Each structure stands twice: as C-alpha cells, then as structure tokens.
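Asks: Using the sequences plus the hints, can you model the full thing?
There are 4 protein chains.
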Amino acid sequence: MATQSTTATPRSSSRRLPGQMRCFVMKRIGEVGMMEKPLPECGPNDAIIRTTAALICTSDTHTVKGAVGERFDHTLGHEAAGVIQKLGSAVTGFKEGQRVVVNAITPCYHCMNCQRGYTSQCGGMLGGWKFANVKDGNMAEYFHVNNAQANLAPIPDELTDEQAAYCCDMLSTGFMAAEYANIPIGGTVAVFAQGPIGLMATVGARLLGASQIIGVESMPHRQKLALRYGADHIVDFSKEDPVEAIMNLTHGEGVDAAIEALGSDLTFQQCIRCTRPGGVISNVGYHGDGDFIHIPRMDWGVGMSDKTIRTGLCPGGSERMSRLMRLIQTGRVDPLPMTTHRFSFDEIEKAFHLMDNKKDGIIKPLITFA
Amino acid sequence: MATQSTTATPRSSSRRLPGQMRCFVMKRIGEVGMMEKPLPECGPNDAIIRTTAALICTSDTHTVKGAVGERFDHTLGHEAAGVIQKLGSAVTGFKEGQRVVVNAITPCYHCMNCQRGYTSQCGGMLGGWKFANVKDGNMAEYFHVNNAQANLAPIPDELTDEQAAYCCDMLSTGFMAAEYANIPIGGTVAVFAQGPIGLMATVGARLLGASQIIGVESMPHRQKLALRYGADHIVDFSKEDPVEAIMNLTHGEGVDAAIEALGSDLTFQQCIRCTRPGGVISNVGYHGDGDFIHIPRMDWGVGMSDKTIRTGLCPGGSERMSRLMRLIQTGRVDPLPMTTHRFSFDEIEKAFHLMDNKKDGIIKPLITFA
Amino acid sequence: MATQSTTATPRSSSRRLPGQMRCFVMKRIGEVGMMEKPLPECGPNDAIIRTTAALICTSDTHTVKGAVGERFDHTLGHEAAGVIQKLGSAVTGFKEGQRVVVNAITPCYHCMNCQRGYTSQCGGMLGGWKFANVKDGNMAEYFHVNNAQANLAPIPDELTDEQAAYCCDMLSTGFMAAEYANIPIGGTVAVFAQGPIGLMATVGARLLGASQIIGVESMPHRQKLALRYGADHIVDFSKEDPVEAIMNLTHGEGVDAAIEALGSDLTFQQCIRCTRPGGVISNVGYHGDGDFIHIPRMDWGVGMSDKTIRTGLCPGGSERMSRLMRLIQTGRVDPLPMTTHRFSFDEIEKAFHLMDNKKDGIIKPLITFA
Amino acid sequence: MATQSTTATPRSSSRRLPGQMRCFVMKRIGEVGMMEKPLPECGPNDAIIRTTAALICTSDTHTVKGAVGERFDHTLGHEAAGVIQKLGSAVTGFKEGQRVVVNAITPCYHCMNCQRGYTSQCGGMLGGWKFANVKDGNMAEYFHVNNAQANLAPIPDELTDEQAAYCCDMLSTGFMAAEYANIPIGGTVAVFAQGPIGLMATVGARLLGASQIIGVESMPHRQKLALRYGADHIVDFSKEDPVEAIMNLTHGEGVDAAIEALGSDLTFQQCIRCTRPGGVISNVGYHGDGDFIHIPRMDWGVGMSDKTIRTGLCPGGSERMSRLMRLIQTGRVDPLPMTTHRFSFDEIEKAFHLMDNKKDGIIKPLITFA
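Residue numbers (my numbering), protein chains in the order written: chain A, 1 to 370; chain B, 1 to 370; chain C, 1 to 370; chain D, 1 to 370.
Read the hints as simulated data drawn from the structure, not as lab findings. Just so you know, not all the hints are guaranteed correct.
Heads up, incomplete: computed chain C residues facing chain B, CB under 8 Å, no partners named [stated by the list, open to error]:
| hint | residue |
| --- | --- |
| 1 | I29 |
| 2 | F175 |
| 3 | P184 |
| 4 | I185 |
| 5 | G186 |
| 6 | G187 |
| 7 | D232 |
| 8 | I234 |
| 9 | R323 |
Bear in mind the structure is a predicted one, so any value in this text is a computation, not a measurement. Just so it is clear, CB atoms sit at the ideal spot from N, CA and C, and this is done for glycine as well.
Replies: So this is what it looks like as structure tokens:
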C-alpha cells in the first residue's frame with residue numbers, strides 16, 4: 001500500500017502562527033502529511049513537552065494503513081524525548097525546561113487494570129496506548145502527556161535524547177519479550193525476526209541469562225546486527241526450515257522460549273513448534289491479519305504440553321524508563337547502531353515512507369527537531 | 001463409535017492360572033475386552049500393586065478410539081488404588097501389604113524435564129503419562145509402578161480406596177486447572193464444562209480464592225453438581241451465548257481466568273473471548289480434533305492483550321497425592337458425589353461402554369476388585 | 001499504659017459550628033480526646049467523605065503510645081466507610097452521595113514504589129500509610145482522601161457499611177498474610193495469634209487452599225472464633241510449646257507456612273522454627289520493641305534452609321477493595337462475628353480504651369456516626 | 001585455628017593396594033590428612049567416578065573446624081569432575097569412561113522435599129548436601145555418586161574438567177544468589193564480599209539484568225577481580241560505611257537486592273539496611289556463629305517493609321549443570337581467573353591450608369589427579 005501525501009508546501013518552523021505547532025499527521029487511512037494545530041492544553045495532571053528527538057515505528061505505518069481504524073488529521077508517533085514546556089498544577093517534582101522522555105504507553109495508573117498491574121491494558125484492552133491512537137501522538141513540535149506524574153521520566157545528563165527515545169518502545173517492548181519468556185539461567189531462546197523489536201528482544205534474552213540465542217532472520221544487515229547484539233546463531237528462514245534448524249541447534253529438545261517479534265501467524269506456529277514442553281512462547285508481534293491465529297494442535301501437546309503462550313504491550317511508566325535508561329548508562333545496551341537514518345522534522349515524510357517500504361537497509365530513522 | 005467386545009466368557013477370578021491376572025484391555029482400535037496376562041515383573045525401583053478400586057476416565061474411551069494411536073492387547077486405566085504386593089529392592093520406606101494410590105502420571109523424576117519441574121513432560125512431551133499409553137494400565141488385578149519411590153502414595157487410614165482413587169487424575173488435573181489460572185484472591189473464574197474434571201476445577205477455583213465462579217454446562221445433573229461443588233452461577237450454553245452471559249455476569253469486564261475443561265476448539269475460543277486483559281486461559285481439555293486450535297485475533301488483542309494461555313497434564317507424585325488426600329481428610333472436598341455408578345471388575349465392560357456413551361447421567365463409575 | 005482523656009464535655013453533633021467537624025484525636029503521646037476541626041479542603045485529585053461507620057484498630061492504640069512518634073491533635077483511625085461529600089475536579093466516575101469505603105493505606109499510585117507494585121511503600125518505607133500517620137485519620141465526621149480516583153471503592157448495594165469497613169485493614173492485611181505465604185494447594189499453615197488480623201489470616205489460608213490450619217492462641221473466645229473461621233486445630237501456647245505441638249501435628253515436618261500476626265520477637269522465632277525447609281514465614285505483626293528481631297540460626301539452616309521471610313503492609317486501592325467486598329457478597333467470608341462491641345461516635349473514647357486494654361472479650365468495636 | 005596433619009609420609013599413587021584409593025580426609029575436628037580406603041561399592045542407582053579435577057572450598061575448612069559436627073576419617077571435598085568408572089545396573093544413558101561432573105549437592109529427587117522442588121533440602125533441612133557431610137566427599141581418587149541418573153552431568157567436549165568443576169558449587173551457588181534476588185531488568189544489586197561465591201553472584205547479577213552492581217570488598221585482588229567480573233562499583237568497607245556508600249550510589253533509594261555472600265551477622269544486617277522496600281535480601285553466606293542472626297527492626301520497617309529475606313543451598317542436578325556449563329561454552333562466564341593456585345593431589349594438604357588461611361591472594365586452588 002502506498003501512503004499519499006497532501007503536504008504540498010510544508011511550512012518552515014519560523015513561519016508558524018503564534019500558539020500553533022506543526023504536526024505530522026495521518027490525514028485519513030492511506031494519507032499522511034504535515035499540518036498546523038494549536039498547542040495542546042495542560043490540565044492539572046498533564047504536561048506539555050517540546051519535542052527534541054523522535055523515532056518512527058513500523059506501527060505508525062500500520063496505523064496509517066488502518067490498523068486501528070479510521071482517523072482524521074491524527075498526529076502520529078509515540079517514541080519521543082523533549083523538554084518540559086508546561087506542567088499541570090498537580091504535578092510535582094519536575095521543573096519546566098527539564099529534559100524528559102515519555103514511554104509510548106501512558107497509563108493512568110489509577111484504573112482497575114492499572115491497579116492490577118496491567119498498566120498497558122489501562123481502562124480496557126490495549127488502553128494504555130494513547131499516543132497516535134486515542135489522542136494525538138508526538139511527531140509534532142509539542143505533545144501532551146496525560147498523568148504526567150507517573151509518565152515523565154527525567155533523562156540523565158549522561159544520555160542523549162536519541163538514546164532516551166529508544167527506551168519509549170524499542171527497549172521496553174523488546175526487553176518485555178524476554179522478561180515474559182521466563183528464561184532459566186543458561187536457557188535457550190529463539191527470536192523470530194530481527195527488526196528493531198526483535199533485536200532488542202535478543203539483547204533482552206542476553207541480559208536475562210540465556211546461554212544460547214538463535215535469531216531467525218533473512219535480511220543480511222539485520223543478521224549482522226543480531227550477531228552484534230548477542231545472537232549466538234542466525235537461522236535464515238529463506239534457506240532452511242527454521243523449526244528444523246532450531247531443533248538441530250538444541251539437540252532435538254527445542255528452546256526454553258521462543259519470541260515472536262514479527263506478527264505473523266506462520267512464525268507464531270513455528271514458535272510453538274520449536275519450544276520444548278514447559279517452555280514459553282512470548283508474543284510481541286502485532287498480528288494484523290485474519291480472524292484467527294493458529295495453534296498447531298499436536299505441537300501444543302493436544303492442549304497438555306505445559307507450553308505457555310504469553311503476550312503483552314510495551315510497559316510504560318517513569319520507573320521502568322529509569323531502569324531502561326540506566327542500562328544504557330552503564331553500557332549494558334547501546335541502541336545507537338539501530339539508527340540507520342537521520343532526518344530533520346521537515347523531512348519526516350521521507351523518513352516515514354522509508355520506514356513503510358523498509359528500503360535502504362533501514363532499521364530506525366531518527367527525527368530531530370530544531 | 002461403538003467399541004466391540006471380544007470377551008465372550010469372562011473368567012471368574014477364581015479360575016485364573018497361577019501367576020496370571022485378568023486385565024481389561026484395548027484389543028485394537030475400537031475393540032475392548034478382558035484377557036489374562038502374566039503378573040508384571042518388579043525391577044529394583046518398581047512396585048507391583050494389587051488393585052482394589054479403580055475409576056474409568058473419558059480418556060480411556062478416547063484411547064480406544066485411537067487417540068494415542070494403535071495399541072494391541074493394551075491394558076486400560078490410570079486411576080487406581082490398591083495394596084503393595086511386591087517392592088523393588090531399592091525402594092525404601094514402604095512395606096508389602098500397605099495401602100497406596102498411584103497418580104495417573106508416573107514420572108521418573110530424574111530426566112531433564114523432571115528436573116526442570118515439568119514432571120508430566122517426563123522424557124518428552126506428555127511422557128509422564130505411562131499407564132495405558134506406553135505401558136499397561138491399571139484396570140487389572142495387579143499393576144506395575146515405575147519409579148515407585150516417588151510414585152507410591154500411602155493412603156491415610158481415614159480415607160477409603162475410592163476417595164484416594166479420585167486423587168489420581170480428577171482432583172490432580174481439576175485443581176491444576178485452577179492452580180495454573182493465577183486467580184487473584186476474590187477473583188472471577190469461568191469453568192467451561194462440568195464433567196468430572198470441570199467439577200474439580202470448580203472446587204479448585206473455590207479452594208484458591210475465587211469469589212465468583214461461573215460454570216458453563218447444559219446437562220441438568222451436571223449443573224446441579226456444579227452448584228453443589230461451589231459454582232456461583234450456571235451458564236447454559238444451549239440457551240444463551242456463554243461469552244455474552246459471562247460478560248454480563250462480570251459487568252462487562254470478563255473473568256480473571258477461564259478454564260477450558262472440555263477439549264473443544266469452540267470453547268477454547270470462548271475462553272479467550274470472555275477473559276479480561278491480564279487474565280489467564282487455563283486449558284486442561286484434551287483437544288482431539290483438527291490440525292489447529294484457533295485463537296480469535298481481535299479478542300487476543302492482536303497479540304498484545306496480556307492474556308496468558310496455559311496448559312498442563314495431571315501433575316503426579318506422592319507429595320502432591322498426599323496434599324490432595326489431606327484436602328479430602330479435612331473436609332475441603334468430597335469426591336464421592338461424583339461416583340454415580342458402581343461395578344465389580346467382572347462388569348467393567350458395561351461400565352466402560354456407559355462412560356463412552358455418557359448415558360444414564362454418568363459422571364464416574366467406580367470399579368471394585370474382589 | 002493508660003491513655004488520658006481531656007474531653008470533659010463532648011459536644012453533641014448538633015451543636016458543632018458551621019464548617020466544623022468533630023474528631024477523635026491523639027492530643028499527644030498518651031492522651032486522647034474529642035475536638036473540633038475545620039472540614040478538610042478538597043484538591044483536584046481528592047475527595048471528602050462523610051463517615052458512617054468506622055472500626056478501631058489495635059494500631060490506633062499503638063499510635064497513641066508513641067509507635068509512630070509524637071503527634072499533636074492528630075485525628076486517629078484508618079478503617080472507615082462513608083458517603084462522598086465532595087469530589088475533586090479531576091476525579092471521574094463517582095458521584096457525590098455515593099457510598100464508598102477507603103482502605104487504610106492510600107497510595108499515590110504514581111511514585112516509583114507504587115509503579116514497582118509496592119504501593120504500601122508509596123514514596124518511601126511504609127509511606128502508603130497516611131491516615132492517622134502523616135495526615136488526619138478518619139475517626140471524624142468527615143475525612144479527606146488523597147488520590148481519590150484510585151482509593152475510593154464503591155460499596156455494593158448488598159453490603160452494609162460495617163461489612164465494607166472490615167475490608168480496609170482486617171481483610172486486606174489478614175488475607176495478605178496468606179497471599180504472601182505461598183501456600184501449596186493442600187498445604188499446612190500455622191497462624192500465630194488469633195486477634196482480628198490473625199483470624200482473617202486464618203480465613204485467608206482457608207481461601208487459598210490450605211488443608212490444615214493451626215491457630216496458636218490462648219484466649220478461649222479467640223480460640224472459638226478461630227475454629228469458626230476455619231482453623232483445624234488450636235494450639236494453646238500457655239499450655240504447651242507451640243513449636244513442638246505444630247511439629248507433632250505435621251508429623252515432624254513443620255508447616256508449609258507460618259504467619260506471624262502478633263508482632264512479637266518470640267513468636268517470630270517460633271515461626272521460623274516450625275516452618276519446613278522451602279516454606280515461608282509471612283510476617284504481618286507490627287514489631288514495636290527492641291533494636292533487633294532474632295532469627296534462630298540453626299533453625300534457619302545456617303542461612304541455607306530455603307526458608308523465606310516475607311513482610312508487607314495492608315495493600316490498598318479500590319481494585320483490591322472490590323475483590324474483598326465480593327468475597328463477602330458471595331459468602332466466602334463473614335466479618336461480622338468479629339464485631340463484639342458497638343458504640344456511637346459520642347462513645348468512641350470508651351471503645352478506644354476497651355481496645356487498648358483488650359477487656360470484655362473484645363475483638364473489634366464498631367463506631368457508628370449519626 | 002590451625003589444622004593438624006597426621007600424614008607424615010603420603011603414599012605415592014603407584015604404591016596403593018589393589019582396590020584401595022587415596023583420600024584426603026578430616027581425621028577428626030581440627031586434623032586433616034591423607035589415607036587409604038577401599039573403593040566405594042556401586043548399587044543399582046549409583047556410579048563410581050574416577051576423579052580428575054577438584055576444587056577446595058572454604059566450607060571444607062569450616063567442616064574441619066567442626067561446622068557440621070565431629071567426623072572421623074571423613075573424606076573432604078564436594079567440587080569435582082572425573083570419568084565414569086562404574087555404573088549401577090539401573091542407570092541408563094551413560095557409559096563408562098565418559099567425562100562427567102557432579103554438583104556438590106546430590107539430591108535423591110524422590111523424597112517429599114525433592115518433589116516440592118526444594119532438592120537441596122532433600123530428606124530434611126540441608127539434606128541434599130551429602131558429599132563430605134553424610135558420606136565421603138570427592139577429594140579422593142574415586143568417589144561415589146548416589147542417584148546417578150539425575151546427578152551425573154556429561155561434560156561437553158569444549159569444556160575442560162577444571163571449567164566443569166566450577167559449576168559444582170561456585171557457579172551454582174553464586175548464580176542462585178542472583179536468581180533468588182528477583183532483580184528487575186535494569187535493577188540495582190549490592191553483593192557483600194567478593195570471594196569466589198560473591199564473584200559468581202556478581203556475574204549472576206550481571207547475567208540477570210542488573211544495571212548497577214556494587215561489590216563490597218576490602219581486599220585489593222578481590223576488588224580487581226570483582227570489576228573484571230562485572231561490578232560497576234567497589235565499596236571498601238574498611239574505608240567507608242558500606243550502607244551509607246550504597247545509599248549514596250543509589251540516590252538514597254537503596255538497592256533492589258542485596259546479596260549476603262560472606263556469612264556474617266553484621267553484613268546480613270547491612271543487607272537489610274541498604275535494600276529498598278520491596279527489595280530482596282538474598283542470603284548465601286554460611287552463618288557459623290551465635291544463636292541468632294539479627295534483623296534490624298526499624299530498617300525492616302517494623303515488620304511491614306515488603307523486604308523479603310531469602311536463603312538457599314547450592315542447587316544440584318544434571319539439568320542445571322548442563323545450563324551452567326553452556327554459559328561457559330558460549331562465553332557468558334569464564335571461571336578460570338578464579339584459579340589462583342594449582343596443585344597435584346599429592347600436594348592437597350598444602351592447598352587446604354592455604355585455603356584455610358586465605359594467604360597469598362588465594363581465590364580457588366585447583367587439584368589435579370594423575
């Protein structure tokens with residue numbers, strides 16, 4: 001699918017009206033462009049952030065294709081760092097001008113699901129996902145943060161905004177895949193697909209004690225990055241059956257955990273097939289197609305295999321963000337090799353199309369704001 | 001499917017040859033009957049048990065229909081209590097003549113999967129299931145127990161053999177369904193199907209702190225038993241859509257956990273549909289049909305709902321058996337209302353056919369041995 | 001220690017000044033009394049509740065004795081139900097006049113510890129405890145609720161305010177003791193002391209699958225109530241050594257979990273002594289004396305016994321409160337037998353002194369407000 | 001304490017009698033020496049191993065000082081690799097001549113505690129510890145392995161016997177300290193003492209996702225090794241108060257987990273003091289002195305801090321051993337820098353005394369067998 005642009009003449013930032021800001025929006029399904037909107041208002045529990053650095057996510061391209069339904073003039077983006085422009089009256093412990101980063105998921109922390117500990121399911125299934133879903137995203141000069149007290153994460157001096165922005169979704173989701181995988185120390189893990197989430201799942205598996213990590217990937221530049229990020233083996237599914245290859249690499253036992261980081265029914269099935277009894281299939285892929293995802297009955301032990309299927313959505317909150325940033329600070333993970341392209345906000349549409357068509361070896365494009 | 005009998009003239013126990021025992025066997029797929037076999041041999045880690053009480057399981061009828069493949073002259077049965085006839089030289093702490101019960105699943109406790117804690121997956125997927133699967137079962141005058149040290153559970157004086165026999169599979173599997181369901185204290189649980197396993201899952205949910213238990217069942221005598229065993233509501237799927245009914249009973253939230261105790265693709269889907277985000281689908285049903293079990297994509301939150309799908313196979317071992325028996329001893333659960341029919345071993349074929357066609361309001365038939 | 005009163009002439013509620021409310025306060029260490037205070041103010045995230053029913057807690061008497069340090073004219077109380085008098089502008093989903101109950105612990109749900117899931121440690125150790133600790137309590141005609149969105153729990157129509165008030169601390173803390181105890185299904189539990197928290201720990205152990213519950217208690221009326229609430233055995237520590245008795249009752253193995261619900265160094269040591277290796281000591285007693293609590297070295301396996309020592313503070317929040325109230329609604333627990341005494345708010349000082357000296361077989365005194 | 005030797009003239013291995021083997025024994029409390037014993041017998045579930053490489057443990061020196069009580073002519077040692085000399089008749093899947101390693105702890109895997117998952121508490125508290133405790137150890141030319149089926153771990157071709165021997169206790173115990181610590185990804189950990197167990201706890205914390213690891217140690221060569229093994233900071237307790245230093249390094253919050261790897265009452269107290277509410281104190285130190293270990297009451301939150309105290313004893317079994325060895329194979333950990341000294345079996349007494357007095361910068365001495 002091609003996304004159309006209607007932004008014939010993007011305004012330069014110097015020409016925007018007072019109290020207005022430029023936003024990169026989904027005009028409607030299949031169409032993106034730049035537009036001006038008034039600055040968001042700031043309630044007592046909110047904050048307004050002036051954006052400095054943002055990353056485009058493949059899910060932004062899904063959104064434009066209609067994954068969450070129709071939207072009009074909806075600002076895209078959910079991975080951004082910036083500077084506090086305004087703080088709500090009830091928000092304490094921060095100051096305007098402070099550098100902060102905000103997770104892609106911004107739960108309220110008060111509702112039933114948040115209190116249960118499922119903050120990404122805030123208010124209802126997937127309800128913690130607000131940016132570019134139920135409210136404007138952060139590919140804009142300014143963005144609004146709900147429940148700012150819990151969602152604003154100060155960026156340590158040692159970290160750049162670019163590094164911090166990687167914590168919003170890539171590290172949080174990728175690491176969650178490994179956290180949910182219940183890896184025993186020295187266990188074995190297969191990670192299906194080595195896009196940015198899969199790469200960070202690979203790092204996550206490494207951080208959580210796996211002794212053997214098998215990355216399933218066919219694109220050479222992603223294979224290379226997977227090895228750099230700690231995969232022990234690469235299985236190229238275009239050249240061999242990945243389940244068979246994984247069974248061979250694990251002496252016929254299968255892996256302790258298989259991570260689905262693609263969002264394909266087929267790889268989901270392969271995950272179940274290559275996981276040993278008692279193991280975990282940790283799904284983080286967004287499944288966009290079909291009415292059903294298929295569990296292969298026999299490989300699932302006719303429903304009695306002790307194979308557990310887990311899912312989740314990027315965990316948010318400043319507390320987690322502080323831990324993720326500390327992992328960068330102390331050298332446990334370096335997200336920067338994922339930045340394959342850099343653009344100014346003026347050029348964002350180009351970046352978006354590149355992310356959509358996955359050309360030019362793109363992993364993640366960084367957008368910087370003047 | 002009708003199972004054929006080839007036992008024209010069942011021998012009375014008094015007429016069997018020395019060193020021989022009578023066994024109720026699957027002659028081949030679709031055919032059952034009584035036959036004589038030599039008493040099993042007893043290796044250093046084994047025990048031979050003289051059977052006193054046994055229960056027939058629906059899975060015995062599945063086996064005869066070919067669920068585990070072809071078998072010839074294979075003794076059926078995996079739920080039995082008895083008396084120690086012979087002990088292997090390396091088995092300590094028991095004595096011949098002692099009353100014991102043996103779980104349906106008899107793991108080795110030494111292999112990799114056993115050491116990992118997945119004893120039901122002993123040696124490989126579902127490998128802990130040995131009786132009437134990879135070795136003769138216990139619908140016989142005597143049966144053999146592997147790894148007797150860990151698999152023989154002494155029956156307390158206060159319990160009958162009948163009560164103890166219910167721990168072999170019904171309580172162990174039914175309670176596991178609830179244990180795997182991760183029920184928060186005061187949580188809500190739906191149990192799909194109220195056969196003997198579903199009934200014990202209902203008791204399990206009650207034992208583990210659920211405040212609202214919804215039994216899904218259409219047969220009146222099972223509905224009645226479900227209420228007796230602690231269900232708060234009955235949803236009759238033949239009269240209303242169970243998912244809708246469950247959503248209404250939970251104020252639109254769905255249950256914290258749904259237990260699949262039938263083994264149907266449709267009820268599995270309903271389990272996912274009626275479980276709230278962050279909840280658990282605990283599958284204990286044996287799924288006998290089709291290449292795939294279906295996960296409804298949207299109700300699964302496109303793979304990000306924090307809904308966890310768990311499975312398992314009846315946990316074995318004497319330690320668990322002792323806890324299950326203690327629950328009967330101290331009045332937490334009374335399995336006897338499940339015994340709807342009683343037969344002598346001579347009449348076992350009649351009992352078997354009744355279990356197969358589920359006529360006459362049968363829940364469980366007890367077989368007693370002279 | 002005797003607490004002194006300075007309330008010579010308690011005002012009747014009809015005579016209080018406009019905008020004023022009567023409060024039962026700790027005047028200073030060792031002295032309680034009634035006084036008037038202005039109604040609390042209501043910020044955007046707050047609520048003001050008109051009190052209808054409250055319970056006095058032993059910890060109120062500890063507070064007056066100086067357990068949390070000096071306080072002047074500090075309103076006591078942390079177990080109360082009432083009616084919403086006023087709602088902050090940012091609080092949604094409630095309406096004034098609605099019946100609600102508020103847990104003893106009122107976390108912010110936004111700070112680091114809350115996000116980590118340790119809401120009772122909000123902002124710092126024990127920081128979730130605000131009522132009668134860092135702000136006025138709720139033994140007053142009105143009380144203030146911080147972070148009302150997460151802390152107001154609507155009372156179901158089927159429940160009385162008295163029943164609901166028991167969820168504030170007694171059920172929440174008592175059940176936590178059992179939740180933290182990691183009881184295997186059919187496991188064994190000892191509960192040291194059968195005061196109201198110990199009684200609810202006994203119920204909690206019953207709700208969470210224990211097959212054998214041993215209540216340690218010397219007072220006959222508490223022993224009797226313990227048996228009513230589900231204890232299987234009573235050990236009277238004044239007549240026998242409780243560790244020895246528990247070892248005998250468990251065939252020399254010790255219990256899977258021991259719950260310390262008294263707050264004594266000695267019973268804590270006994271908990272460690274009577275817990276089997278791999279078991280849990282779940283401490284909920286408030287330890288008020290001495291610099292150290294003592295772990296008996298040998299019984300702790302010289303530090304290698306796999307005995308786990310857990311602690312916690314009454315978990316708060318409306319989500320948990322709704323589950324606790326549902327347990328009362330569906331008949332899993334009935335707190336009312338704990339109400340041994342009833343007083344009007346005018347008589348609260350009498351109730352307080354009774355609670356302090358534990359005379360007249362008191363378990364819990366209920367205070368009702370006109 | 002000085003240990004006395006009575007081995008005036010150690011026999012060379014060529015001079016031992018047929019069917020005899022040389023053993024390094026505790027003659028009685030305070031006295032060690034070499035002696036000859038007959039080769040152990042091999043029951044149906046046993047194996048006899050010809051020793052090739054062994055490590056001396058500080059706990060061997062504790063044993064000689066009387067830590068487990070009096071023993072006469074008791075062979076020391078519990079960390080050894082070797083070659084299968086003889087297999088019991090019921091042991092399958094191995095062959096004589098195969099290289100294997102055996103964990104320090106050799107549970108039966110059949111008893112109640114083993115079935116509960118607490119294999120180190122096999123048969124009773126600390127009962128999994130058999131070598132040099134309830135049976136002869138493995139500082140001998142040959143040693144006996146009970147329950148060989150579960151306790152023999154084949155050594156991969158890529159690993160030396162020396163590497164494998166480190167898995168017996170150092171890696172298994174050290175990593176357990178981190179596994180029990182419940183470290184959140186990116187969490188903070190303090191490890192008290194950087195002896196070989198503390199060093200491996202440091203590696204364990206690194207393997208399990210800690211972002212900040214603080215090693216507490218005063219000896220320069222251990223500090224240096226701690227940094228090499230992944231500590232981010234060293235706190236020298238001889239130069240500053242370690243609790244204060246840790247609080248400063250964690251911005252006043254305390255660590256998510258503190259690991260006690262020394263076995264001192266004082267460091268145990270410091271662990272509780274420097275752990276944040278909701279955190280874990282993971283004790284692996286052997287506490288040899290006094291009747292009580294002390295919990296500082298206020299720092300423990302008067303029993304309500306949500307601070308959990310865990311303990312454990314080196315987890316055994318071939319499954320864990322295979323995972324630990326794989327971590328060496330794939331380069332996650334290199335134990336060899338811990339081998340500071342090397343001796344032949346003839347020289348073992350010298351090695352033992354060095355280990356006892358901790359002179360010459362010793363970390364671990366390797367003993368090789370001809």
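Asks: Is the shortest C-beta separation between F175 of chain C and chain B less than 8 Å?
Replies: holds (6 Å)
Asks: The hint names P184 of chain C as touching chain B; please verify it with the least Cβ-Cβ distance against 8 Å.
Replies: holds (6 Å)
Asks: So, R323 of chain C near chain B? Judge it on the closest CB pair being under 8 Å.
Replies: holds (3 Å)
Asks: Does I185 of chain C pass the interface check with chain B, least Cβ-Cβ distance below 8 Å?
Replies: holds (6 Å)
Asks: Close enough to count: is the Cβ of I234 of chain C nearer than 8 Å to one in chain B?
Replies: Since the shortest Cβ distance to chain B is 14 Å, the answer is violated.
Asks: Given G187 of chain C as an interface hint, is its Cβ closer than 8 Å to any Cβ of chain B?
Replies: With a closest approach of 7 Å, the G187 of chain C hint holds.
Asks: With chain B as the partner, please determine if G186 of chain C meets the hint condition of a C-beta pair closer than 8 Å.
Replies: It holds, given that the least Cβ distance between G186 of chain C and chain B is near 3 Å, below 8 Å.
Asks: Taking the least C-beta to C-beta distance, is I29 of chain C closer than 8 Å to chain B?
Replies: With Cβ-Cβ at 37 Å, over 8 Å, it is violated.
Asks: How about D232 of chain C: closest beta carbon in chain B under 8 Å, or not?
Replies: holds (6 Å)
When each numbered hint is compared with the structure, violations occur for hints 1 and 8.
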